[in-house]
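Number of protein chains: 2
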Amino acid sequence: MPLPQEPSIPGGTWGGEWSADAFRKELMDEQVRPEDDAWNNPWDPRGTELRDRPGSYSPPQSPMPPSPTSSFASTSPPNESASAPSSGRESRGSVKKSFNPFAKSSLDEFLIGPEKIPVTEKERIYIDDTENGPRWRPNPTEFTCSVSSPKKESKFHGMKSFIAYTIVPSETREERVRSERSCVSCRVSRVFSKQSVSRRRYKHFDWIHTHLTFKFPFLPIPPLPEKQISGRFEEDFIEYRMTMLQSWVERICRHPVLSQSETFHHFITCPNDEKMWKAGKRRAENDRLVGANIFQAIERPHKPLDILHVDATLDGFSTFLGRLDESVRLAQSTCLDQAKRYQMDFKREHDRVSFSFSKLSKAFETDPFNDGSGLSQALQEMSTAYEEIGTMYEMQPKHDWDPLSNLLFEYRGLIYSFSSVNSLLKDVLAKRRNAEKDAKEGRLEYDQLPHIINHSDTVAYAFEAELAHFQAVRTKDFNKAIASFLKGQISFYQKISDRLGTSLQKFIM
Amino acid sequence: MPLPQEPSIPGGTWGGEWSADAFRKELMDEQVRPEDDAWNNPWDPRGTELRDRPGSYSPPQSPMPPSPTSSFASTSPPNESASAPSSGRESRGSVKKSFNPFAKSSLDEFLIGPEKIPVTEKERIYIDDTENGPRWRPNPTEFTCSVSSPKKESKFHGMKSFIAYTIVPSETREERVRSERSCVSCRVSRVFSKQSVSRRRYKHFDWIHTHLTFKFPFLPIPPLPEKQISGRFEEDFIEYRMTMLQSWVERICRHPVLSQSETFHHFITCPNDEKMWKAGKRRAENDRLVGANIFQAIERPHKPLDILHVDATLDGFSTFLGRLDESVRLAQSTCLDQAKRYQMDFKREHDRVSFSFSKLSKAFETDPFNDGSGLSQALQEMSTAYEEIGTMYEMQPKHDWDPLSNLLFEYRGLIYSFSSVNSLLKDVLAKRRNAEKDAKEGRLEYDQLPHIINHSDTVAYAFEAELAHFQAVRTKDFNKAIASFLKGQISFYQKISDRLGTSLQKFIM
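Sequences listed follow chains A and B, in order. Basically my numbering = 1-based index in the first sequence + 10. Basically my numbering = 1-based index in the second sequence + 10.
Fair warning: there could be bad hints in the mix.
Said to hold, decoys possible - With a straight-line cut-off of 30 Å between C-alpha atoms, the simulated DSSO-like cross-links for lysine-lysine are: (1) 372/B x 490/A; (2) 497/A x 372/B; (3) 486/A x 288/B.
Stated by the list, open to error - Output of the computed footprint for chain B on chain A, the stretches with three or more beta carbons under 8 Å from beta carbons of chain B: (4) 358 to 365; (5) 369 to 377; (6) 388 to 401; (7) 487 to 500.
Said to hold, decoys possible - Here are a few chain B residues that face chain A, going by a calculated C-beta distance under 8 Å: (8) 362; (9) 373; (10) 376; (11) 478; (12) 493.
Because the hints were derived from the structure by calculation, they are not lab data. Keep in mind it's a predicted model, so treat the numbers as computed, not measured. Glycine is no exception: its CB is placed at the ideal position from the N, C-alpha and C atoms.
Isolated chain A (complex conformation) (with noise of 0.2 Å):
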């Protein structure tokens, strides 16, 4: 017997539990709008495009703000705002399946008592009960990968060119990794062939992206930086785009349940090999602990969940999120304005005061009662010293606020992500009230709701853990990034000093 359906709560969107409209409203007056505010520039024919910072490759905002009416779930993700329609469209498509993975019924089903399907050791996720709530436990085999050496290729005899990125896994652990992790369908042939090396291209990622999304409904997959048709082949987007590829891999890698995901596992070490590719591709496609079924799979503590506490955690935390993401946007915003600035409009007023200091001394050159002091010579190092320092605030973005740029956008997908996981909790917690009073009422018969108590638990539990896990992230992740910017900012102001250091001795004083 199927759930009666909540009619008051609307599927998968977030409804409005913190203020957000209002808070929106008030950041909207303030907000930094970069197409409001361009310094205009007589002298630079290039246009106040955010796309048109020479030198760098930044990734795009949201094409427009959200409209202070519109709700959160409506407003873009991240891999939404590529200007080219067919990767638009592309990166909607996996935002949507990761949204509502699996049908309703199928959670009513796992809800009620699902079909049982075996679970192997190797396939178990486990909660364990710490002293500080739910936590998952931690891979025992922990390892990094990177992504590296994008190059060129093509098939089909040159017909379809693609950019191919080398993923290789930590090299500490990578036997061990290797052997122990790898699917069975690589294994044998990397006993033999040890230093074939894997090569990735961007649809790869986007498969094993899809697959996480599908079968771990209850995580916030963060999401891949976004296709891009035109330009994809450009020296900066490539960097900026395997930068951004290598980040996912190392966030999947740091998560306790994805890092042990075979199909992930599949992704990252298997050689170049078609047929072994499509022999992993098809096991990952007949997994069956995907979607709801995946909760078979958690292994945690037995002691059920207060309902009234869930709840309270939910609209916390979905407060919290909302406010976060306002500020993410609000911060990324800042960044990429910033770092426009510094390679427009700060370096263009740096040239403009060495061009006047170079005006000044080629007047003294000529002067026709030189003295020798070299007062030209000293005006003319001054201003080759300011033209340096325009240079350095052309450069400085990729040392500062390039990188936070890239985290608070990662951020963005990953909040726009948790939304979803939020959505499914809260199905959750509604199905089980509406369950206990259909029970109550004569409507469900009463042995039906240990079952789904239980399981609704299951996901509560689920949802506690990975809380746990994206706050510790998270505080590391923003600790690291805000350091490793302020370490740019010192450093880039220390150099501007020591160059006018230099320009200073030239000056008799």
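Given chain A, put chain B in place with the hints provided.
Structure of chain B alone, referenced to chain A:
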């Protein structure tokens, strides 16, 4: 018999020895035009007027950049550019006097042989023949003078208000200066009132400026900061004007000829006694050694000068002065523009960065899983750091851009004044050439020629001595001003770096 007029030389203009128009046009194409380049600022209701800078007074630029076809002599001197009409008028008056301080007939008279005026030893102006060429004999009693304590005073029972400044000659030599140099009319009372303070109003500065301009037509008298009607009691303006008057007085004190002027000594030493002040004023008005007559007071080497060499010197210097004028204008415009950007745009950008990090901090404050790692506090501290850096940008111009701008403003005036000195020599050389031609062709008696040549050499000697002085002073001025500017910039960037270093310590690395 009056000298025949040479119609081909326009009286008192600079007429195109250097390719001013081409050079100016080239410069105009690249020049900073603050009015074209205002940064749009939706946050800031203030306009982009240069005068709008908060917390400081900026010297005005010429209201319009010179049109590419205007001749040098027709561009506005600094003290013509005041926006208040009456101030503009007054200033123009004083500049006009300096431009043609004595009638042509008086110059003719001097060249042929003027009425002898008795010159006392104290009134003599010596030009020494050094191995480097003609030089003013240094002032044996060098001194400086401070302008301080601007205070609003009034007379006619409060009907008329004005600002008066305290003038104090340098203490170390004060006694000697006062006893040896103070004017006769002041000396007696001085002995009895050593502590009496000299208070001077702007109109007194204006009077001494006019006197010096009239008395020493062969010297470029530095112009005064412009008179201002509206806002003249505002603190920023008063402080700015005091700085400029101080600098003006110092420049007179540093000049070997001007610093020995009895009237100038009267100006800096006469106590606040109406009777004594008027007595000194009357003496100055009765001074007959003014205008063309002052050349009678010049004692210079007997050796006649090579007119071709003098011509070449004048040409070379005119070219240099034109270049210097253009580059000083551009540099001053850049200083004003940068000061404005520091106080408006750079400050605003740092405020935005601060605001973004503050929002991020506030979001983390609402984190229900706050682990006490202090991320929110660290972000707030960082936000404060950027806010403080914004304020540092706002306050910085007074330590670097403003003082440099002030020096450049003074030089624009000096260069302008020098153009009338150039014109004087040019007129004299033309008259001498005509006289030589007339003598050859029998239109002038031959015994008049040596007088004319002798007296034109006196003007040329004075010119060369003044060029040498100007050269020494400007090398010192620019070295000092730019070194001071660079020191300001170096310590500024160092402070920013240090401030961010404090923030960095709050993050866990």
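Right, here's what the structure says about each hint:
Restraint check: the Cα-Cα separation between residue 372/B and residue 490/A comes to about 19 Å, which is no more than 30 Å; the hinted pair holds. Distance hint between residue 497/A and residue 372/B is fulfilled; the C-alpha atoms sit about 23 Å from each other, no more than 30 Å. For the hint pairing residue 486/A with residue 288/B, the CA-to-CA distance comes to about 80 Å; that exceeds 30 Å, so the pair is violated. Counting residues of the region 358 to 365 of chain A whose CB lies closer than 8 Å to any CB of chain B gives 4, which reaches the minimum of 3, so the coverage claim holds.
For the region 369 to 377 of chain A, the proposed coverage by chain B is satisfied: 7 residues have a C-beta within less than 8 Å of a C-beta in that chain, meeting the threshold of three. Using a Cβ-Cβ cut-off of 8 Å, 3 residues of the region 388 to 401 of chain A lie near chain B, which meets the minimum of three, so the contact claim holds. Coverage of the region 487 to 500 of chain A by chain B holds. Counting CB-CB distances below 8 Å, 9 residues qualify, and the rule asks for three or more. The interface hint given for residue 362/B is met, as the beta carbon of that residue sits about 6 Å from the closest beta carbon of chain A, less than 8 Å.
A distance limit of 8 Å between C-beta atoms decides the matter here; for residue 373/B the minimum to chain A is near 4 Å, and the interface restraint holds. A cut of 8 Å between beta carbons decides the hint on residue 376/B: the least distance to chain A is about 5 Å, and the hint holds. Hint on residue 478/B holds. Least Cβ distance to chain A is approximately 7 Å, under the 8 Å limit. Nearest Cβ of chain A to the Cβ of residue 493/B: about 4 Å, under the 8 Å cut. The hint holds.
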